[in-house]
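K.L.:
Hints given; two lone chains; assemble the complex.
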Amino acid sequence: MNMPHRDLDVRPILKEGGEPFSVIMDAVAELKPGQSLRLFATFKPIPLFQVLGSRGFTPSAREIGNGDWEVIFTPSDIATSRELSAPSTIASASADAWPPPSIQMDNRDLDPPEPLVRTLEGVEQLAPGETLVALLPREPLFLFDELKARGLAWRGTMETDGSYRIEIRAVEQEPSP
Amino acid sequence: MLGASISRWTMAYFAAALLCLLAGLTAIAAGFGYPQTGLRAPETLVIVHLVAIGWLSLLILGALFQFVPVLVGKPLRDQALVLPALLSLLAGLGLLLAGFLRLAGVVEIELPLLAWGGVLLAAGFLTAIWPLARTMLDAPTLPLSARFVATGLASLGGTFLLGGSFAFVLSGVTATSTLVELHANAVPYHALAGFGGWLSCTAIGVSYRLLPMFMLSPDTERATGRVAWLSLSMALVLVVAVMPLMVLVGAAAGTKVSIVLAVAGALALGSVVLYGTDIAFFYRNRKRRKTELNLRAAGGALVALYAAIALFIAAAVRGTLDVHAGAITYLFAFGWLSGLGLSQLYKIVPFLTWLECYGPVMGRRPTPRVQDLVVERRVEPWFVLYFASVAIGTGALLAEAPGLLRAAAATTLIAVIIIIAELILARRLHNVAPEARLPEGARVPRLFLPAASNR
Chain C
-10 MNMPHRDLDV RPILKEGGEP FSVIMDAVAE LKPGQSLRLF ATFKPIPLFQ VLGSRGFTPS
50 AREIGNGDWE VIFTPSDIAT SRELSAPSTI ASASADAWPP PSIQMDNRDL DPPEPLVRTL
110 EGVEQLAPGE TLVALLPREP LFLFDELKAR GLAWRGTMET DGSYRIEIRA VEQEPSP
Chain Z
1462 MLGASISRWT MAYFAAALLC LLAGLTAIAA GFGYPQTGLR APETLVIVHL VAIGWLSLLI
1522 LGALFQFVPV LVGKPLRDQA LVLPALLSLL AGLGLLLAGF LRLAGVVEIE LPLLAWGGVL
1582 LAAGFLTAIW PLARTMLDAP TLPLSARFVA TGLASLGGTF LLGGSFAFVL SGVTATSTLV
1642 ELHANAVPYH ALAGFGGWLS CTAIGVSYRL LPMFMLSPDT ERATGRVAWL SLSMALVLVV
1702 AVMPLMVLVG AAAGTKVSIV LAVAGALALG SVVLYGTDIA FFYRNRKRRK TELNLRAAGG
1762 ALVALYAAIA LFIAAAVRGT LDVHAGAITY LFAFGWLSGL GLSQLYKIVP FLTWLECYGP
1822 VMGRRPTPRV QDLVVERRVE PWFVLYFASV AIGTGALLAE APGLLRAAAA TTLIAVIIII
1882 AELILARRLH NVAPEARLPE GARVPRLFLP AASNR
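Residue numbers (our numbering), protein chains in the order written: chain C, -10 to 166; chain Z, 1462 to 1916.
The hints are simulated quantities; they were obtained by calculation from the structure and are not laboratory data. Some hints here could point you the wrong way.
Pairwise CB distance ranges (calculated) [claimed, not checked]:
| id | chain 1 | residue 1 | chain 2 | residue 2 | range |
| --- | --- | --- | --- | --- | --- |
| 1 | Z | T1685 | C | F32 | 24 to 30 Å |
| 2 | Z | R1839 | C | V160 | 41 to 47 Å |
| 3 | C | K33 | Z | G1715 | 55 to 61 Å |
| 4 | C | I2 | Z | A1897 | 53 to 59 Å |
| 5 | Z | P1842 | C | K137 | 57 to 63 Å |
| 6 | Z | P1842 | C | E113 | 36 to 42 Å |
| 7 | C | K137 | Z | A1771 | 48 to 54 Å |
| 8 | Z | A1897 | C | V160 | 25 to 31 Å |
Ideal Cβ positions, reconstructed from N, Cα and C, are used throughout, including at glycine.
Excised from the complex, chain Z in its bound form (with noise of 0.2 Å):
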């Protein structure tokens, strides 16, 4: 066996993930959570979790469920474990979220919601990771974009890890000092490990392959490429394992803490700075000279990701990292991450619904062009104002605006709104020519369901 075919529930992680986004955006919209509260409110908790495990973790999973095999050259493994691991996801979200709101005090169910939703998150997120672990074991040699994605799953190990005894500690659980102790001081390593660890270093392996591939680059490994990757990954392993069990065994105080971390951060961006001159020369060596929507739009996410960077690196000199976290994180995962996520959802959601609409009658009748299921241009503006109101979100935390927050977070939901639509129209083939859309043995696809069969 060899060779890729079309992931059969990839659309739908992608339809529940872009579901979350809607909810998260809406709830920042209606005031709930941060800055209301505080920055670790439970209400705060609710939306970062909705937007990090519901949005973000099931699109790139999702995405990892179509590209792992792409990039490895091998079928996925174990294919039957896709779904369960959605469900699974789904399942210990909802708990989670059901967790918070009882910390909140919103509902009030005396069980211990967390814990259960954090060991169903775990063994969605196991049953999610092993597939593409074999699938990844299978190939004699890994390329770049696969060991990005592999340190990626190493991190969302570290991520759940950390959550999970959160939340046996915060459902009342467990009361093991050790335990506690983890909680009151590794919040931040869960977080660096789930934004900066799994959700940036998969998202910047898979966009290590697919830019080139769509911009008709070179896409040869560079040793820039092998660099970003090999100092990104040390500075997980000290964010992710060497901080937390220096918290477990009581020696995270004073300088020892600072030179790690200085020392982290220091790799983390001479890895990102990297992979920037790395995108750079896929773009100057492009042999496409027209570009897509899908690039100019991760362009936005690019841009956000060097100015989080910024943001994060004049907070930590000034020593307003406690007082900026919220806006720094606010930019992080709405410009880069979602950004870059809805991105190349705009390209991946119309090509792959070209390969299983066209794919029977490739090269046997005329077929329309994988452009022809989109207008770019109807939908760009939306993009222009998804970055704009992302950026000026991120403004109103800084200047401590709620209002102003609360309007841009609007304007962001109803670009992605939008944007969403335009991606249920290429998935019915709404912008192909009538005559033209549907040749003799082409398969309508289904919104998101996978095929009733594969031919």
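For reference, chain C alone in the conformation it holds in the complex (with noise of 0.2 Å):
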């Protein structure tokens, strides 16, 4: 563990009333094995001790005056195995960097199955290793056997209110005819 910590402060967003969540999976996702994050709060970030607990990730909290948190998230050596086996987390691709997502799209507030639709509408769109970043109302069941029927890797993860964040990336060569 003598890797520096990642420094995340997401204090501006929060103070601007913004949702920092999608920075922090950003975060957590770039981060290189063994290495921790550090984060900096305007609360203390319960939410997420669950949801990066279910990744591996082992929190420390503290205060640090004015109301302001720092929690260090220590990633665990069985981590990569835990990420594949919880349910929150669930990925068929390991977490190595994946490039910024080309398409990112809100299926929320869609009726089932037109959330699933539409995400698969982007991702035929994508060129091959791009990836595509799709919010969901739920847990998408349906979806995770189409995917690997079509060979896509993707990495989701159950966000704070229920619904469903998942990032689905196009396979570098075209699949043989």
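P.N.:
Right under this line is the structure:
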């Protein structure tokens, strides 16, 4: 654990009334193996403990004055295997860096199965290696089978409001016909 | 492995269930069983079990094989048991009904049909419970809806243990005094465990997930839902376990019975009231303003549930439960459970058909919408007729007008036939414009058998 923390200060986002969740998850996704995340927030981010806990991170939080908090999320050795089996965070792909999403979509307010249809329509527009991020009303259980059948890599996280954020990456090469 | 896929035999369960519903309604319309015979007469028991096992249990099991994996986010375990369970249940039901007909003197076979039927039914239910229970055990925590289902499955166990012991007594296989005593005193608990526990508890559990999903309502767990589950579970422990045990040890007499039943009744009442407030909350906070037919029809089922409970309370207060048990059960079984079942079939069948047919081409080619598979305005009058005729049938039973009951049941039967025909049309993609029906790569679903292979 001699690797430096990755620092992320979400206090400006929070003070502007924003939602830093995706920024935090992006930062987590970009962590090097074994690297921990030092997060600064304006409150003790309890919901994150659960989310990152299921990804194998142990939080250690302390108040640093003015109601602000510093939390260090340290990965445990079994982080990778936990990540695959944890219910709130599931992925078909390892956590190596993916390019920033080429397409972002919010499919939360659509009738089922429209969220699936829209997401897959977006996926079909991706060039090889590109990624798409979609917000879905809930964990898209019927989508995973389709993604598997189409050989797509994905990773997803349950958001704190019960919705689901999925990141899907088109395969590098065109599949052989 | 994660996620859920289409349950292979669910449509076969639905098809068998609907056939049993048709048979049950036909029998009532033909004047078979209660009120022409007594409430506990074998003829009545034929209809009750045709409806409770053949129609409602197969419907709910078929739905659970599809929805339990969705509820807990884990694939169904031991899928190979799903078809043997169906076959065992159908064979067991056939023998059970034949056994009742033997008691009624309709068939003359000197065989312990009821006992065999009871054994096959128990085997079938256990074979069906096993994959569901294993799937739920795979989940680290059970969401609220799955906890209702777990309570329902436990009640099912109590129901067929009691029912199985009755079958052995009635077929003359055993004359053990405790079992005879149990049969003499515990039939109401068998019925309550089945209708109030197994069938209602699972129906409530599935609706806790299904209704908000299709209304686009926030479905985060609410404290009211947790209390509803807890109090219904406690009521069922009293009715399904404590009361039969009291009968077995000879302690089920006088005020003790009244106290236990009053506590169970109060707990169950509190539970369904909280359930109602939760459904009302989902409805008020839905993002989808326009409601679909399955939701409006579910409203009819909920009205029937609360009307049946009101009737039950009124009869209990006036001491006329014995007289009105038939009417209350009729409203509960056909208004609440069957009404909810038919209304949700009208959503589930097109939805699963859509997924099976267009899943492979989702996003690649234009696909019809799920709602293109159905024509709601054509079916809606038949749902209205369904609930109206069930209400009239209940009124006929209360007013002791058997002729009116038969007419009402015949009307209900016609409405069900039309709804089934519409389900078949949805399954056949009949309502989709021909040019949009089958984009390249789509799979035509079979009527009720699973697709030959899963890609």
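K.L.:
Confirm or reject each hint.
P.N.:
Taking the hints in turn, this is what the structure says about them:
The hint said 24 to 30 Å for the Cβ distance between Z/T1685 and C/F32, and at roughly 28 Å that hint holds. The hinted window of 41 to 47 Å between Z/R1839 and C/V160 holds, with their beta carbons roughly 44 Å apart. About 58 Å separates the C-beta atoms of C/K33 and Z/G1715, a value consistent with the hinted range of 55 to 61 Å. At roughly 45 Å, the beta-carbon separation of C/I2 and Z/A1897 lies outside the given 53 to 59 Å, and the hint is violated.
One distance hint, 57 to 63 Å for the beta-carbon pair Z/P1842 and C/K137, is violated here, with the actual separation near 43 Å. A C-beta distance of roughly 41 Å is found between Z/P1842 and C/E113, which places it inside the suggested range of 36 to 42 Å. Range check, C/K137 to Z/A1771: Cβ separation about 50 Å, and the 48 to 54 Å hint holds. As the Cβ distance of Z/A1897 to C/V160 is approximately 29 Å, the hint placing it in 25 to 31 Å holds.
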